[in-house]
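Asker: Here is what each chain is made of, one letter per residue.
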Amino acid sequence: MTASVIDTPARREKSRWAGFALSERQTWGLLFVAPYIAIFVGFVLFPVGYSFWLARSPRLYVELANDPIFLRTVINTFVFLVVAINVKMAVALFLSGFFTHPRWWVKVLAVLFVLPWAVPSIPTILSIRFMLNPEWGVINQLIFKLTAEDGPNWLNDPTLALTLSMLVHIWKSLPFWTLILLAGRLAIPHELYEAAAVDGAGAWHRFRFITWPSMSTLYVTCTLLSMIFTVGDFNSVYLLTGGGPADLTHVLATLGIRYLRLDQVGLAMASIVCALPLILPLVYFMMKRLSR
Amino acid sequence: MSPRKLLRNIGLEAGLLLIGIPVLLWTLIPIYHMFLFAISPKDAAFSGQLWPTNPTLRNFEMVFAQKHHFLYHFWLQMFNSLIISIGTAAITLFVATAAAFAISRLRMKGGRLVMNLALLTYFIPAAFLAVPMYKTMGMYGLLNNDWALVLAMATIASPYAIWILRQASDKLPVELDEAAMIDGASPFQLFRMIYLPLMVPSLIAVGTYALLLAWNEYLYAFLLLSKDTAITLPVALGNFLSADDSPWELLMTAGFLYALPPAAIYYAFRKYMSSGLTAGAVKG
Numbered sequence: 001m002t003a004s005v006i007d008t009p010a011r012r013e014k015s016r017w018a019g020f021a022l023s024e025r026q027t028w029g030l031l032f033v034a035p036y037i038a039i040f041v042g043f044v045l046f047p048v049g050y051s052f053w054l055a056r057s058p059r060l061y062v063e064l065a066n067d068p069i070f071l072r073t074v075i076n077t078f079v080f081l082v083v084a085i086n087v088k089m090a091v092a093l094f095l096s097g098f099f100t101h102p103r104w105w106v107k108v109l110a111v112l113f114v115l116p117w118a119v120p121s122i123p124t125i126l127s128i129r130f131m132l133n134p135e136w137g138v139i140n141q142l143i144f145k146l147t148a149e150d151g152p153n154w155l156n157d158p159t160l161a162l163t164l165s166m167l168v169h170i171w172k173s174l175p176f177w178t179l180i181l182l183a184g185r186l187a188i189p190h191e192l193y194e195a196a197a198v199d200g201a202g203a204w205h206r207f208r209f210i211t212w213p214s215m216s217t218l219y220v221t222c223t224l225l226s227m228i229f230t231v232g233d234f235n236s237v238y239l240l241t242g243g244g245p246a247d248l249t250h251v252l253a254t255l256g257i258r259y260l261r262l263d264q265v266g267l268a269m270a271s272i273v274c275a276l277p278l279i280l281p282l283v284y285f286m287m288k289r290l291s292r
Numbered sequence: 001m002s003p004r005k006l007l008r009n010i011g012l013e014a015g016l017l018l019i020g021i022p023v024l025l026w027t028l029i030p031i032y033h034m035f036l037f038a039i040s041p042k043d044a045a046f047s048g049q050l051w052p053t054n055p056t057l058r059n060f061e062m063v064f065a066q067k068h069h070f071l072y073h074f075w076l077q078m079f080n081s082l083i084i085s086i087g088t089a090a091i092t093l094f095v096a097t098a099a100a101f102a103i104s105r106l107r108m109k110g111g112r113l114v115m116n117l118a119l120l121t122y123f124i125p126a127a128f129l130a131v132p133m134y135k136t137m138g139m140y141g142l143l144n145n146d147w148a149l150v151l152a153m154a155t156i157a158s159p160y161a162i163w164i165l166r167q168a169s170d171k172l173p174v175e176l177d178e179a180a181m182i183d184g185a186s187p188f189q190l191f192r193m194i195y196l197p198l199m200v201p202s203l204i205a206v207g208t209y210a211l212l213l214a215w216n217e218y219l220y221a222f223l224l225l226s227k228d229t230a231i232t233l234p235v236a237l238g239n240f241l242s243a244d245d246s247p248w249e250l251l252m253t254a255g256f257l258y259a260l261p262p263a264a265i266y267y268a269f270r271k272y273m274s275s276g277l278t279a280g281a282v283k284g
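Line order of the protein sequences matches chains A and B. Residue numbering for the first sequence follows this note's numbering, beginning at 1 and increasing consecutively. Residue numbering for the second sequence follows this note's numbering, beginning at 1 and increasing consecutively.
No lab work stands behind these hints, which were simulated from the structure alone. Keep in mind that the hints are not guaranteed to be accurate.
Computed list of lysine-lysine pairs in DSS-like fashion (alpha-carbon distance at most 30 Å, straight line) [claimed, not checked]:
1) A:145 x B:42
2) B:227 x B:135
3) B:109 x A:288
4) B:227 x B:42
5) A:107 x B:271
6) B:67 x B:42
7) B:171 x A:288
8) A:107 x B:5
9) B:67 x B:227
10) B:171 x B:109
11) B:171 x B:271
Chain A on its own, in the form it takes in the complex (with noise of 0.2 Å):
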């Protein structure tokens, strides 16, 4: 309402009633947020601050850099977040476009394609633990049988644990951002691939002139999201490697839960301090989209 509305009696009628209904309401706001409020408080706000207040010496800091795990960690946690991220956004947007295909079969595998994500991580990363078992593990067990001689010890080496991490958590979330993204694709007007069509594209003209302009905007903000939630992902690879061989295939969520269980609570945080400056613009990013 701006100064120019004309102040007639039933007008102050309303606002009287409007700004009596506004302070009842935000009396009754108030009570509905405060459940919220309470658990924010409790489990957030005062943990967060607690343990910032105990990673406040800066001797952690010297501590953790003078840590060789540490620096790997970073490392890991880098490539981690790099490749495995851009290798299942990629696949993901292709497979959505294949999901598009109206076929009976594609239909059925859409559905069995969402198990990885609909079923709980721990059966599934163990089962493939166990595949990937030097000697009992079925994978060398098939090389074996093959070629007669014997598999990797692939869970021994860290460049190869560690991408078969990143494996494990592209086969767990390649499903949701394959759905998020064919969401996108069919929210995309059938005309414009209809014009497309009589003007005489080809595949990639239609996807380079209609799909990936549409779906940009979603693409990128799915990948960033991707990396806040990739920060945290502790179970593709502690249940996998558990962190091993000799601590080489950390990352900083495994990291800091390794610390917790040493009882080093000061350099678990000092850890997830240092991570901050990785996820802080990230965040900031992901909140002024989605608090519009």
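Given the coordinates of chain A, work out where chain B should sit on it, guided by the hints.
Answerer: Same frame as chain A, but now just chain B:
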């Protein structure tokens, strides 16, 4: 149909199959491998066959009867998982529905701030929040108590729940509230008689989300609970790894049983889930 067009169609079908088959194998092999272990006798499980020569249900019997020291509390642990999941869903629904109502319908002052705080919480990586959470749960004296996990999971589930519910609630026409207010309804009556009934589909989506989140959670469960009788099933499964001679076929059987309910729930509520959960992401 011209031969050229026919050829192109065959090419397209072949191309689709060429993508579809690897996708199918990639998706199913780890799950099939788990199932294979579950129906294989102990020795045959390690022979690397694609189908056991003598499939058996003996592993299931062993798990059901809790006949291995890793499985002594199988049913209790499954019950713990169930209670904690239901508790998480209930608390998340209560907290998030109320908060979304205040923010979206009552348009309270500071609602935007609350929403932003919730979103910020949503963006804290779960493994990072776990460290502070563990410390404070210790201070609150809740370690090894079901409540610790329920509250932790509700904390993690609420922000997203509020966000989804607020979006759904914003779509309800304002006139409904105005009409009810003029008829003298209090905000609470508005909440109970207009808001809740109209929000049922979103409430189902959010409840299912919180339920599955808690059922599937490993990290928080293994940090906050450690007694054999207090832990949830995923922690018990993780404990199999502590021994070198773990009975893998029993682990896979128990894991299979543990994975069934969430898969069933997911597929049963798929419609609610996908519309509710993708709507938000597509918006961005």
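Asker: The structure should be examined with respect to each hint, and the outcome stated for every one.
Answerer: Status of the hints after comparison with the structure:
1. Taking the CA atoms of residue 145 of chain A and residue 42 of chain B, the gap is about 21 Å. The hint holds against a cut of 30 Å.
2. A C-alpha spacing of about 18 Å is found between residue 227 of chain B and residue 135 of chain B, which places the hinted pair at or below 30 Å, so the restraint holds.
3. A hinted pair counts as satisfied when its Cα atoms are at most 30 Å apart, and residue 109 of chain B with residue 288 of chain A qualifies at roughly 20 Å.
4. The hinted pair formed by residue 227 of chain B and residue 42 of chain B meets the criterion: a straight-line CA distance of about 28 Å does not exceed 30 Å.
5. Distance hint between residue 107 of chain A and residue 271 of chain B is fulfilled; the C-alpha atoms sit about 15 Å from each other, no more than 30 Å.
6. As the CA atoms of residue 67 of chain B and residue 42 of chain B are separated by approximately 14 Å, the hinted pair is consistent with the 30 Å bound.
7. Pair hint residue 171 of chain B plus residue 288 of chain A holds up; C-alpha atoms about 21 Å apart against a cutoff of 30 Å.
8. A threshold of 30 Å between alpha carbons decides the hint, and for residue 107 of chain A with residue 5 of chain B the separation of about 25 Å falls inside it, so the pair holds.
9. Distance hint between residue 67 of chain B and residue 227 of chain B is fulfilled; the C-alpha atoms sit about 19 Å from each other, no more than 30 Å.
10. For the hint linking residue 171 of chain B to residue 109 of chain B, the alpha-carbon distance of about 20 Å falls within 30 Å, and the restraint holds.
11. Taken as a hint, the residue 171 of chain B and residue 271 of chain B pair is honoured in the structure, with Cα atoms around 19 Å apart against an allowance of 30 Å.
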